[in-house]
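Asker: Those sequence lines, one after another, are chains A and B. Per my numbering, residue 1 is the first one in the first sequence, and the count goes up by one each step. Per my numbering, residue 1 is the first one in the second sequence, and the count goes up by one each step.
There may be inaccurate statements among the hints.
Going by beta-carbon spacing under 8 Å, a handful of chain A positions derived as facing chain B [what the hints assert, rightly or not]: (1) Val164; (2) Ala173; (3) Leu174; (4) Ser181; (5) Tyr195; (6) Ala248; (7) Thr517; (8) Gly518; (9) Leu550; (10) Ile586.
What the hints contain is simulated information worked out from the structure, not anything from laboratory work. Note that beta-carbon positions come from the ideal geometry of N, C-alpha and C, so glycine has one too.
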Amino acid sequence: MDTARLLPLVVAAPLMGAAVLVATGRRLPRFASDVLGCAFATVTAVLALLVLFRAGHPGPEAYPVEWVGGRRPVGGGAAGIVLVGDPLGAGLAALASLLVVAVLLYSWRYFEQPPRRHTGSFPALILVFQAGMCGFALTGDLFNAFVFFELMGVVAYALTGFRVEEPKPLQGALAFGVVNSLGAYVTLLGITLLYARTGELGFAQIGRKLDAGGPDGLVLAAFVLVTTGLLVKAAAVPFHFWLPDAHAVAPTPVCMLLSGVMVELGVYGVARVYWTVFAGPGGLSHPDFTRALLVLGVLTALLGAAMCWQQRHLKRLLAFSTVSHTGLFLIGVAVLTPEGISGTALYVLGHAGVKAALFACAGVLLDRYASVDEHELFGRARELPEVGALFAVGGLALSGLPPFGSGLGKAVAEEAAGHTAAWLPALYVLVSAVTGGAVLRAGLRIFAGVGRRPRDGQESGPETTGEEEPETGRRLGRIPVPLLAVPAVLLAASLAIGVIPAVASAVGRAGALFTDTGGYRRSVLDGRATAVPASVPPHWQATGILLGLLSTALAITLATLAVRRPVHTGTAALLAPVRRLQSGHIGDYVAWLAAGTALLTVLTVPGVR
Amino acid sequence: MTVLPYLVAGWIFLIGVYGLVTSRNLIHAVGCLAVTQSSTYVLLLAVGYRNGGTAPVFADAPTDSRVVDPVVQALALTDIVVGATVTALLLALVVQLRKRHGTVDPDALSELKG
């Protein structure tokens with residue numbers, strides 16, 4: 001079958017699966033619903049992988065472009081909706097699909113028996129989520145990107161509040177829903193402005209029409225508005241407040257998807273929109289874009305790392321670590337080189353496996369001990385050495401230990417960022433060390449009981465403890481096999497990404513194609529195949545290995561110091577004002593969103609000529 | 001073509017954001033979110049408006065008659081569908097929150113601090 005013809009199927013297959021599950025879920029036993037859900041998710045993953053393996057290789061199918069319904073552009077004007085299977089988008093669709101399969105297998109034994117006649121609801125929601133993510137990764141049309149953005153958003157709000165019998169998930173889902181929907185509407189305002197200027201909705205068409213003129217206030221306003229919504233999804237500071245709240249309360253399998261791939265899709269959206277729409281002479285100049293995104297990226301990385309270190313609620317800790325890594329991803333995009341994009345893509349791949357595995361371990365703790373509180377669980381999980389080992393490996397991989405995929409991605413991205421500003425590699429090392437160190441510290445306390453038992457009661461400022469309801473009916477006795485196998489496989493996959501050179505060279509080609517604005521527009525609008533630009537595939541270099549080892553060593557040192565001397569230093573008091581910002585109040589979050597939009601405007605205003 | 005509809009769209013958006021920031025009731029907040037979304041309808045329709053244009057239905061009008069842009073109307077319809085979904089879901093969450101938590105005041109929801 002023609003590769004381009006597979007693209008609509010990648011979006012349609014999970015939607016069909018969801019429809020089947022909704023229709024039959026009332027009558028099916030739970031086992032059958034789970035098998036059906038896994039089957040549809042697997043079929044989608046196979047389709048996405050097929051597209052991925054055929055795209056980016058020299059040949060007639062190098063750049064699959066499908067005009068849905070056969071509405072090809074006529075005489076420069078396009079009326080149809082286009083799906084583009086460029087290697088990076090197809091790769092993200094494949095990543096999302098594979099993670100969905102892992103999540104469905106994990107939740108097989110994770111959730112308690114659902115109420116009778118509701119067996120299909122969770123897998124059906126997950127399948128719709130998968131369709132939204134795949135559609136967002138594959139679309140070549142700005143308005144469709146908005147629709148898929150909202151589709152994955154709405155399902156994610158519903159999944160976050162999946163346990164509707166408890167108050168906390170509802171609060172998290174509400175903050176998530178209000179902030180993300182507001183972001184989506186801001187994006188739509190920007191899309192409307194672009195339509196007003198160009199009369200087009202496709203990325204390639206808008207880009208071509210914009211380049212006929214110069215950058216002016218309207219184009220920059222459109223850029224700010226469109227990017228704001230995408231940055232809300234990506235949880236960049238100061239748009240990030242919804243993320244820890246949502247992650248702390250969502251069911252663990254949902255956290256694996258939110259942190260593993262949905263947030264990264266926001267970063268992908270920013271990069272995609274910039275390179276296809278605004279990268280030409282009629283858009284935002286490269287230095288202006290770099291400055292704007294670099295400021296936000298550095299802020300996000302630092303604030304996320306600082307907050308991550310302060311948490312004792314394990315899921316919140318992992319959520320803030322995602323925030324800080326998003327900052328690193330944004331920096332990788334901001335440097336505007338193929339190497340930056342490839343390094344970030346590798347980082348995202350490695351990070352997805354590691355972070356999902358860490359959440360999976362946290363889920364095991366939650367279901368066994370009804371808590372994810374670092375202090376309360378002190379030493380209690382000594383009886384779970386396998387989970388402890390997985391958690392420790394995850395922490396080491398998160399801190400950039402070679403040869404994990406996260407380590408390779410960090411090495412390539414920091415090398416690329418170092419060409420823009422010499423101090424950026426230091427930031428990569430610091431952030432990886434602090435977030436990895438926080439995970440290792442929690443692991444040492446929970447699984448090994450190292451050091452002194454942390455004392456409660458003298459914390460200053462707000463504190464979120466991790467006393468949660470378990471998600472199984474009764475506490476787990478023996479750990480079921482899927483709950484251990486899924487994180488193990490995810491970590492192995494993350495290791496494979498760093499070890500197998502073919503993955504790195506494929507991602508290198510994808511990065512080179514992604515940053516070729518003219519090539520994208522030619523393939524989509526003129527149907528001309530593009531040559532893959534020559535590039536050096538990303539690979540391990542001596543400096544990258546050394547910096548990776550350095551950040552891992554720093555992480556281990558930080559964790560050991562924190563466990564050995566749990567005295568309250570001045571840092572906690574210093575960071576108390578920052579922690580107070582995370583108020584759990586929806587109005588505050590919306591105010592920060594408005595402030596962030598203003599900041600983005602100020603950062604891009606020098607682009608008006 | 002005047003600039004007024006664009007200013008109106010901007011004003012509706014800002015007033016909705018103001019309402020969200022200062023809201024003391026979650027149902028009110030969800031309503032404010034719908035208000036911000038209304039600004040996108042106004043902006044879309046203002047962008048597609050053409051002076052003297054009629055509705056883009058050619059059943060009882062000559063095919064060369066001047067019509068407003070049908071694309072933005074399709075976009076606005078899609079937008080309304082999206083908005084209805086989001087509003088319904090958020091209101092359902094608020095109702096459930098009222099049942100489980102006994103309040104719809106965002107100031108009283110402080111379990112997710114720090």
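Asker: Hint by hint, note whether the structure agrees.
Answerer: Here's how the hints hold up against the structure:
1. Val164: 5 Å, holds
2. Ala173: Nearest chain B Cβ about 6 Å off; hint holds.
3. Leu174: With a closest approach of 5 Å, the Leu174/A hint holds.
4. Ser181: 5 Å, holds
5. Tyr195: It holds, given that the least Cβ distance between Tyr195/A and chain B is near 6 Å, below 8 Å.
6. Ala248: 7 Å, holds
7. Thr517: Violated, because the Cβ-Cβ distance from Thr517/A to chain B comes to roughly 25 Å (cut-off 8 Å).
8. Gly518: With a minimum Cβ separation of about 26 Å from chain B (threshold 8 Å), the hint on Gly518/A is violated.
9. Leu550: For Leu550/A, the interface hint is violated, since the closest Cβ of chain B sits about 31 Å away, which is over 8 Å.
10. Ile586: 5 Å, holds
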